[in-house]
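Please model the complete structure; the sequences and the hints are all you need to start from.
Chains A and B, in that order, give the protein sequences. Numbering follows our numbering, with no gaps: position 512 of the first sequence is 597. Numbering follows our numbering, with no gaps: position 44 of the second sequence is 129.
Derived from the structure by calculation, the hints contain no laboratory data. Everything numeric in this text was worked out from a predicted model, so none of it was measured. Hints should not be assumed to be uniformly reliable.
No copy is singled out in the list; a pair is fine if it fits within one copy or between any two copies.
[As the list claims (entries may be wrong)] With a straight-line cut-off of 20 Å between C-alpha atoms, the simulated EDC-like cross-links for lysine to aspartate or glutamate are: (1) K540 to E574; (2) K533 to D556; (3) K720 to D697; (4) K733 to E215.
Protein chains: 2
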Amino acid sequence: MVSQSAASTSTPSELSTPINKTAHEFDKPTLDALLARRFFFAPAFEIYGGVAGLYDYGPTGSALQANILDQWRKHYIIEEDMLELDTTIMTLSEVLKTSGHVDKFADWMVKDVQTGEIFRADHLVEAVIEARLKGDKEARGVKHEEPEKEEDEKKKKKKKNVKSVAIKLEDSVVEEYESLLAQIDNYTGPQLGELVRKHNIRNPTTGNELSEPVEFNLMFESNIGPTGQIKGYLRPETAQGHFVNFARLLEFNNGKVPFASAQIGRSFRNEIAPRQGLLRVREFTMAEIEHYVDPLDKRHARFNEVKDVQLTLLPKDVQTEGRTELTQMTVGDAVAKKIVDNETLGYFLGRTQLFLEKIGIDPKRLRCRQHMANEMAHYAADCWDFEIQSSYGWIECVGCADRSAYDLTVHSVRTKQPLRVQQKLDEPKKVEKLDVQFDAKKFGMTFKKDATLIKETLLGLEKDKLQCIKDELANGKSSVKCADGKSYEITPDLVKIDPITVTEHMREFTPNVIEPSFGIGRILYSLLEHSYWAREQDKARGVLSLPSIVAPMKCLIVTISQDPELRAKIHEISRKMRRIGIASRVDDSSASIGKKYARNDELGTPFGCTVDFASIKNDTMTLRERDSTNQLIGKIDDVIEVVDQLVKGTIDWSGASQRLEPYSGVQDVEE
Amino acid sequence: MVSQSAASTSTPSELSTPINKTAHEFDKPTLDALLARRFFFAPAFEIYGGVAGLYDYGPTGSALQANILDQWRKHYIIEEDMLELDTTIMTLSEVLKTSGHVDKFADWMVKDVQTGEIFRADHLVEAVIEARLKGDKEARGVKHEEPEKEEDEKKKKKKKNVKSVAIKLEDSVVEEYESLLAQIDNYTGPQLGELVRKHNIRNPTTGNELSEPVEFNLMFESNIGPTGQIKGYLRPETAQGHFVNFARLLEFNNGKVPFASAQIGRSFRNEIAPRQGLLRVREFTMAEIEHYVDPLDKRHARFNEVKDVQLTLLPKDVQTEGRTELTQMTVGDAVAKKIVDNETLGYFLGRTQLFLEKIGIDPKRLRCRQHMANEMAHYAADCWDFEIQSSYGWIECVGCADRSAYDLTVHSVRTKQPLRVQQKLDEPKKVEKLDVQFDAKKFGMTFKKDATLIKETLLGLEKDKLQCIKDELANGKSSVKCADGKSYEITPDLVKIDPITVTEHMREFTPNVIEPSFGIGRILYSLLEHSYWAREQDKARGVLSLPSIVAPMKCLIVTISQDPELRAKIHEISRKMRRIGIASRVDDSSASIGKKYARNDELGTPFGCTVDFASIKNDTMTLRERDSTNQLIGKIDDVIEVVDQLVKGTIDWSGASQRLEPYSGVQDVEE
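In structure tokens:
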């Protein structure tokens with residue numbers, strides 16, 4: 086099991102004073118109660134009974150999300166001069182057919198033939214077989230191994246819990262089951278169906294038989310317009326909206342790469358059985374960057390700025406050996422040692438590490454896990470996930486993939502639009518090339534509808550790959566692997582490859598795409614766990630130590646009494662703050678100051694101002710810092726200005742302490 | 086026809102220097118070309134042929150939209166302490182059944198029985214009958230009236246263009262047609278079907294017969310989860326997401342009204358035949374506020390702050406008399422004279438006027454039009470639309486409606502959740518009331534499933550309405566109008582109403598909801614038209630005089646030559662600006678300075694910095710203001726600071742002129 090006590094030791098970076106947080110056992114039910122009570126989020130249509138996998142964000146959750154997105158926009162779009170996009174959610178089916186989502190974005194499901202209950206086929210087979218193996222061990226009196234591997238722990242969360250029964254199995258069956266589990270991710274739907282029949286797998290609850298596996302596409306489908314003939318899907322990612330606009334984006338950027346497009350928006354996945362709160366939902370906000378780069382030059386102009394950023398890496402070769410230990414390494418070293426494929430990918434890993442730390446993610450619970458070869462999409466060149474550790478285990482929150490030229494190529498082939506970059510060479514160049522000639526008629530008859538794709542692929546190959554094919558053709562045949570994932574056999578009568586010398590003035594290429602893709606809800610939930618702790622004095626009420634740049638409210642304003650003059654004063658102060666853009670909130674209820682501060686801590690509000698009768702006399706108020714509970718005092722307008730600068734991050738608490746006087750007159754925690 | 090020359094005289098409020106804009110004929114094709122060339126927006130999936138009513142925003146359009154939304158969030162959510170929400174787009178069908186959308190959010194359509202072509206029934210009948218009347222006039226040699234009424238002009242845009250043929254009609258037919266047109270909005274679907282048959286209306290293009298009208302619901306439908314049994318719709322407005330969360334919001338606000346919730350998000354309407362660019366689309370961004378208020382006290386605490394704001398009003402009684410002249414009036418006067426129903430509605434009219442002016446809408450092309458009695462939803466108490474004038478006529482861009490207690494009541498009745506406010510009275514109060522008693526059994530048998538609704542409605546009525554019903558019952562029968570829009574007849578054997586005296590400690594009520602609802606795409610497009618003009622010297626290239634707070638890019642940075650040192654310098658300056666959050670853009674292409682400035686004007690970028698060899702020597706650069714083309718010069722870091730303050734609005738151009746020296750060395754417009 087994953088250690089959760091680290092949450093209480095994270096320190097918001099803008100605070101320089103020590104924080105009196107106490108180590109404690111992480112208490113998820115208490116956090117969950119806080120998040121519901123303070124309306125961070127709640128099941129959508131709760132008064133109608135709700136629907137699994139759909140959540141609404143309340144005032145605190147919405148403001149936190151808006152602030153995270155605002156920081157994201159500044160960190161990436163503004164600071165890196167990215168081209169922002171806002172494309173439609175409703176997507177023409179043809180677009181997602183081309184991208185492969187219509188055919189491949191699916192899971193296999195089986196139904197209880199009597200009750201109609203639905204299961205994800207692979208998860209159910211795995212759970213039942215694991216339960217049988219466990220029952221076998223119990224029957225054999227074998228204690229099961231401790232500790233279980235983290236990765237398995239993670240998988241289990243996704244699955245239906247199946248109870249084991251102590252029944253001894255034949256040795257050969259145990260062997261067969263173990264081999265089955267080792268390759269559970271590799272079975273096709275029909276193969277899963279065979280396994281269900283062969284091993285008599287049934288609904289664990291009812292004991293009823295199961296249907297044949299049926300493919301269930303995870304996209305929500307709808308129809309556009311009144312005829313019902315234009316099919317559309319709600320996008321499962323924002324990425325395709327970037328790719329179909331590539332030609333306009335390239336023109337906007339004066340025809341040059343590298344450049345990046347960026348988009349923040351909703352996407353939808355109709356999960357078969359969503360669980361895990363905000364971590365697996367049917368509707369979610371993403372922020373995606375598509376960085377277009379010359380395939381022959383993946384350097385990055387600003388690489389130097391991030392080369393010293395420390396990453397926590399879990400490379401693929403370590404995982405392949407069944408190990409999970411993490412390596413600390415700078416971005417510069419990781420690229421130099423070729424652990425990370427190229428500078429641009431390394432640059433985004435570094436920038437993303439900085440972003441996640443800036444908004445308050447605990448770097449000790451953050452790692453970059455590289456995809457293993459069999460995990461990656463067939464077209465991907467390299468892929469790293471930022472995983473954040475929470476009570477649900479290590480969860481992918483940001484994916485950084487090199488998608489190669491896959492998407493632009495398939496859309497270009499399908500629409501016959503040139504989604505390519507033309508680069509004028511500084512001076513004409515004599516080039517030794519391999520010229521590819523086709524027997525057009527024969528080629529067309531052999532490959533029919535696939536002919537164009539194969540032709541484009543061959544014409545787009547680099548010289549050394551082409552040389553390999555030429556060599557193989559000399560021996561009678563070769564094959565071409567295309568963007569659709571298939572290999573096509575070619576023979577010398579179809580294709581001829583000959584060396585030629587040409588003078589080139591232009592170079593033309595399809596850019597590669599490096600894609601950092603952020604799941605905002607997952608980051609937001611992880612941040613809440615990382616920010617949560619409880620004071621020694623009052624364990625029932627938690628504190629959310631959110632950095633002030635993302636905290637939903639920046640400042641609470643209270644009085645020590647219900648006196649009308651004091652009440653009028655705090656509303657006046659709040660109005661002043663709001664007018665200069667500080668999200669401040671008045672609490673003029675009859676609760677005690679201690680209770681008001683405790684509420685405030687639960688909302689993650691970093692600063693609190695208190696007004697008393699001295700304030701009226703001297704025009705002063707106090708300023709409290711949430712984590713340390715330290716207090717300062719000063720003229721009301723000075724305090725407002727200090728809060729403004731604290732919120733903008735131009736000063737920290739020690740800076741504030743130089744501008745205002747220390748104060749220790751008000752009791753913080755209720756007796 | 087609407088005058089369009091006003092566009093060239095609007096002055097961005099932050100600039101105090103005179104602007105050398107010239108009056109000119111508004112040239113929509115040139116603006117459209119600019120918007121496409123500079124990728125403000127484009128048809129979605131354009132490389133796949135596109136789909137009507139779906140548009141993608143490019144880098145300029147997205148940034149403009151993000152800036153408008155940022156201003157909106159500051160103006161309303163932050164400054165007014167509203168509770169932000171972010172609720173799901175995918176909505177459970179039951180929710181929209183209760184709100185009335187499943188039954189009523191529909192248009193009637195007819196089909197060409199042979200080709201299947203689809204028309205909106207009312208629009209087609211109207212277009213065909215109008216064409217026949219026009220043909221009749223031609224046959225009679227009558228010149229048709231000039232000018233046509235604006236409102237008719239607007240309607241025509243929505244309709245299929247039908248050619249008139251000069252055929253004389255019987256006088257009685259002309260009379261019948263004219264009466265038909267006058268009430269075209271009042272026909273039900275079956276009545277439209279009768280009209281089609283009676284007047285032999287056919288597809289104007291093919292001459293084929295038309296089907297009976299069929300109701301077409303404008304919501305996109307989908308299924309949630311793998312069983313296909315949970316029906317969902319994409320929300321047609323964000324409002325229902327507020328109402329279903331009312332109980333949590335009220336608790337968050339310590340049980341007190343008034344307060345407001347606010348949400349920015351996408352909504353969807355599956356229009357039968359979308360036209361008019363961004364003004365009638367199938368997917369769009371809205372920003373909605375739901376302000377919850379005591380029905381007996383619709384005053385607003387900050388009303389004084391907006392009472393002097395000038396509005397341009399078109400009240401309902403003026404329209405009812407067939408007139409369209411506008412009245413200038415302050416918010417304070419409009420409420421005092423009861424032209425606007427209450428302070429809270431008046432407050433939002435004032436705040437919205439300020440918001441629209443702040444982002445650059447020309448106040449001379451902005452009016453508040455009140456809904457006429459037959460236009461309003463049956464439950465609405467008062468409704469005003471902010472209409473913005475563009476080349477499409479006067480278009481509704483913001484609706485401000487008093488939705489009364491309708492939504493909260495219907496959701497409360499349906500879910501049996503109390504969506505009500507409990508208010509403790511300062512001291513117990515003896516109240517003369519009317520007590521309503523039901524014959525439960527008889528009442529239930531008479532009204533069946535509607536019984537609860539009618540009961541709740543009766544129990545929720547104010548005393549004077551109840552007295553009317555009591556008086557009517559004394560005469561044998563009365564009726565109750567319910568939130569479902571129907572009236573139910575009641576008799577003395579079902580309901581008894583008697584005066585009683587009670588001592589009350591609490592007051593309980595369903596709040597009324599005042600809803601300002603913003604169509605962001607419509608505002609954005611109107612703003613582009615209002616900001617567009619062309620200089621005398623170069624009519625082919627336009628200028629977008631967007632206020633700097635919303636302009637997509639804030640500053641362009643260029644050099645006078647392609648010298649490597651100068652190029653490095655401008656990238657360094659841009660990076661500095663971006664790091665402090667100024668969206669700046671380098672143009673290091675080989676175009677002339679004049680051409681670069683012209684591009685910049687098309688993007689609406691308010692400021693431009695130019696670096697030359699003197700810059701390297703003296704560490705200076707020049708600063709150009711887009712509208713006046715005036716230039717200043719200063720130390721690079723000083724200029725950056727001035728730009729920062731200009732963008733934040735803390736100084737204006739005359740303030741900048743005091744901080745930097747005048748400059749007149751670089752030719753602005755290409756010779």
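Here is what the structure says about each hint:
In this assembly of identical chains, the alpha carbons of K540 and E574 lie at most 20 Å apart only when taken from the same copy (12 Å versus 77 Å across copies). Taking identical chains as interchangeable, the C-alpha atoms of K533 and D556 are never at most 20 Å apart, the minima being 25 Å within one chain and 84 Å between chains. In the homo-oligomer, the alpha carbons of K720 and D697 lie at most 20 Å apart inside one protomer (13 Å), although the nearest pairing across protomers, at 48 Å, exceeds that limit. Taking the closest pair of Cα atoms, K733 and E215 never come within 20 Å of each other, the shortest separation being 53 Å inside a single copy and 61 Å across copies.
Hint check: violations occur at hints 2 and 4; the rest are consistent with the structure.
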